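Use these hints to put chain B onto chain A, whose structure you have.
First to last, the protein sequences are chains A and B. Numbers 1 to 445, taken from the numbering used here, label the letters of the first sequence in order. Numbers 1 to 201, taken from the numbering used here, label the letters of the second sequence in order.
Honestly, the hints are just simulated from the structure, not real lab data. Incorrect hints may appear among the rest.
Okay, the calculated bits of chain A under chain B, using three or more residues with CB under 8 Å as the criterion [claimed, not checked]:
no.	region
1	22-35
2	56-68
3	153-160
Keep in mind it's a predicted model, so treat the numbers as computed, not measured. Idealized CB from N, CA, C, for every residue including glycine.
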Amino acid sequence: MSRVLRIELRRSAAIGAAASLAALGSLAMYFAEGISFSTGWIQLAMTQRWYLALLWPLMLAAGAWQARREHRSNVGELFATTPRPVSQRVAPTLGAMAIAAVAGYLLMGVAGAAWIFDTAGYLPAEVFVVTGVGALALVAAAWLGLAVGRLLPSPVTAPVLGVAGLGLLLMLPLATRPFGWLGLILSPAAEMNMPGDYATVPGEVSAAQSLWLAGLAVAAVLLLASDTWRNRSAAVLPAAVGVALAATVIPHENRLVTDAVDPVARELVCAEGEPQVCVSRAHQTLLPEVTGPAREALAVLQRMPGAPTRVHEDTFAYPDTYPEFRTDTVLLRVAAGRTGQLANKPNVLVDVVSGAFSSPPACQNPPASADQLAAAHWLMGTEPLAPDREPLGRPDPGYVVEDASVEAAEVWAHLRALPRDEAASRVGALREAAVNCLPAQGWLR
Amino acid sequence: MKGLRLYLRSRRAPAATGSAAGILVVMWVLWESSSNSPEAGLQMVVLTILLLVAALTMTLSGPDDELDRTGALPWPALRALHLSTALVLIGGQLLITQLTGARFGPTSLALRDIAGLLGLTAASAAVIGTAKAWFVPLGWTLAAVLFPQGDSLLGRVLTWQAQEPSSRAAAVTATLLALTGLLAYAMTGPARKAPGDATTQ
Numbered sequence: 001m002s003r004v005l006r007i008e009l010r011r012s013a014a015i016g017a018a019a020s021l022a023a024l025g026s027l028a029m030y031f032a033e034g035i036s037f038s039t040g041w042i043q044l045a046m047t048q049r050w051y052l053a054l055l056w057p058l059m060l061a062a063g064a065w066q067a068r069r070e071h072r073s074n075v076g077e078l079f080a081t082t083p084r085p086v087s088q089r090v091a092p093t094l095g096a097m098a099i100a101a102v103a104g105y106l107l108m109g110v111a112g113a114a115w116i117f118d119t120a121g122y123l124p125a126e127v128f129v130v131t132g133v134g135a136l137a138l139v140a141a142a143w144l145g146l147a148v149g150r151l152l153p154s155p156v157t158a159p160v161l162g163v164a165g166l167g168l169l170l171m172l173p174l175a176t177r178p179f180g181w182l183g184l185i186l187s188p189a190a191e192m193n194m195p196g197d198y199a200t201v202p203g204e205v206s207a208a209q210s211l212w213l214a215g216l217a218v219a220a221v222l223l224l225a226s227d228t229w230r231n232r233s234a235a236v237l238p239a240a241v242g243v244a245l246a247a248t249v250i251p252h253e254n255r256l257v258t259d260a261v262d263p264v265a266r267e268l269v270c271a272e273g274e275p276q277v278c279v280s281r282a283h284q285t286l287l288p289e290v291t292g293p294a295r296e297a298l299a300v301l302q303r304m305p306g307a308p309t310r311v312h313e314d315t316f317a318y319p320d321t322y323p324e325f326r327t328d329t330v331l332l333r334v335a336a337g338r339t340g341q342l343a344n345k346p347n348v349l350v351d352v353v354s355g356a357f358s359s360p361p362a363c364q365n366p367p368a369s370a371d372q373l374a375a376a377h378w379l380m381g382t383e384p385l386a387p388d389r390e391p392l393g394r395p396d397p398g399y400v401v402e403d404a405s406v407e408a409a410e411v412w413a414h415l416r417a418l419p420r421d422e423a424a425s426r427v428g429a430l431r432e433a434a435v436n437c438l439p440a441q442g443w444l445r
Numbered sequence: 001m002k003g004l005r006l007y008l009r010s011r012r013a014p015a016a017t018g019s020a021a022g023i024l025v026v027m028w029v030l031w032e033s034s035s036n037s038p039e040a041g042l043q044m045v046v047l048t049i050l051l052l053v054a055a056l057t058m059t060l061s062g063p064d065d066e067l068d069r070t071g072a073l074p075w076p077a078l079r080a081l082h083l084s085t086a087l088v089l090i091g092g093q094l095l096i097t098q099l100t101g102a103r104f105g106p107t108s109l110a111l112r113d114i115a116g117l118l119g120l121t122a123a124s125a126a127v128i129g130t131a132k133a134w135f136v137p138l139g140w141t142l143a144a145v146l147f148p149q150g151d152s153l154l155g156r157v158l159t160w161q162a163q164e165p166s167s168r169a170a171a172v173t174a175t176l177l178a179l180t181g182l183l184a185y186a187m188t189g190p191a192r193k194a195p196g197d198a199t200t201q
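Isolated chain B (complex conformation):
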């Protein structure tokens, strides 16, 4: 139990979950006060998921990843568990809104976008480092939300975040991204930090 507590603290899990909850509350209040519809709009849902994923991105690295690696722990399993917990956490927060007057859903869309964006951010963390990992999902998702393309297969794949929940192309893309991110991050862990990003994030 002590190990878990130390792990969560070193990954700044309290701060990350706190920011995530705060972001969800703000987005919930924004929708609740600006619209009469109980179902939050697709853009709103996608952007909320993007922010929740960005908030949890900071837990993908500790203060000293090199030191962490020296611990005799089953890192791949631990990192995979970490990502799955993040998925459940974000999904659970969005599920809670289903009980309220501004519902962030539908569940299939939420699950698809959470999994895809978490995979994307985990893959970015493995390649360019945790400090910059949020940028790839942000840039891609803002573009997809602003200019969704539904006509061609390529368009549906490239703007998968903003497709309807029934879109198979989007679901396949999200699954691939999720698996890629899971594998890349679980196997290699976060990329080594640039000198400018040393010590605390």
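Bound conformation, chain A alone:
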């Protein structure tokens, strides 16, 4: 058996399919939509799943092409006279294509891992689950392609199947509109794009997708190995059972993956020593870069009575997961840049000092960002300048960071003109108002 499998691996489309998957997948990850996996491992696994939108149809086509081999080499009649069951003959082909699908997908993952290998820290178990479901999706695609290719042995089957698969994946979100969870079961690429920093894929989703994909794979095998139309129509059964089981496993809500937050990734990891500086576990490799400027900023803030003594990362997660607000803690936004380094490093000092004048998230009238900046720069004794800000985290061409520095410079000049004690009491009052959620306008002007 293993000898046949080895020959099949060499002689079939397996090697070509694996190489194409790995090459196209790696190119897509690096060039298609900007690098959205610099934050860590789960982002890499989800980005890989997103590009199944391209790879899944191609694997279907590869399977369909492979299935035409008997037809191309005119041995159908010869094989029909061989007293062996079809299943025995197709097993090595199924094995070879499955190995190719898994190998190509893993190679693509390795290509992505090379980019984040030394900057990604947190490795949750979901990474392996998400990758495994992705590989299963490709195996199911290859087998389905084999089955369809055997049923319809025409030279155009493979390209048509590829385009049809792409169309199907593109139409699924629309076709399942009010039931987003159904689209999530059926499409292995759904909701996987642009994963957030605390992204995760809930276990129920992965379980449901695995059930459906396993059902699909079994259906494809039945379709491929059966000779009569009665058996072939019975192949619908495993796929239907797969969907039905998946529908009972998955919660019937929409945006299950988009809104999912990994609480372990949000937990704080603190730097050694005092004062306390903490970032989330997902960003733990950025902690050394944050600690220095954050402690410097805390030292600056000590010039103010009742100053905060700790810096924590602002672990806000879309849509409504806020970190706890405490008056002795400054919340700092931390984001990884394209290469996995701290994106806003030159601004950490200013961000922490001005962050001391922020209000709890539910407040109606927090201080204007110009006032926060002016107060921060008054404490630091420097003039507000336009921030030299890399776009935070992911590439987002339409996004412009609001530049409050011009207005802040005016307020700052006004503060400087005041007597020192007067200015200090106003800055203190601004902070009091901000953290206690009182109207904060007009304290500095």
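For chain B alone, coordinates are given in the frame of chain A:
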């Protein structure tokens, strides 16, 4: 006339043109029934052209290319004529849709993508053989349609299939591909088949 008929039959031209027409009808019906706009979307047009080119790819080889080569025929001219006929055939089919309620165009985009993809598939046929030639245009075009890049010159060249008809970078890329494919295929013909792909395709 008899020679032409035999040539077309050996290249399975009836089956290929039949599949192409069938594919166009299916895509036309899909657009007509799913959208109110009379102009088919760019993705739809590009994918349709891709499928039509893939359907005609099977005519690039006969049952026995080695035997064909022994015929005292002007093969380079014949192969160039073959490719030009395919271009006219696909272009003509798309032009017919201009008279209907779901138009697959504009013509400049159709011409650019047909020429470029035919060249690409002909070049692949010359290098890796006709049986696998459809894969290169398929993989490239699906990627370009899903993730078109218009910002940089390199992006416009790499995703030329899905660029606007006015894009010069895309037009130049398509022309280069068309000429490369025409030259490679006309001069060398389809690559020799692997043992597994022997006899009929």
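Counting residues of the region 56-68 of chain A that have a beta-carbon nearer than 8 Å to any beta-carbon of chain B, does the count reach 3? holds (count 5)
Using a Cβ cutoff of 8 Å, are there at least 3 residues of the region 22-35 of chain A near chain B, or does the coverage claim fail? Satisfied; 6 residues make the cut.
Given coverage of the region 153-160 of chain A by chain B, tested with a Cβ cutoff of 8 Å and a minimum of 3 residues: holds (count 6)
Hint compliance for this structure: no hint is broken.
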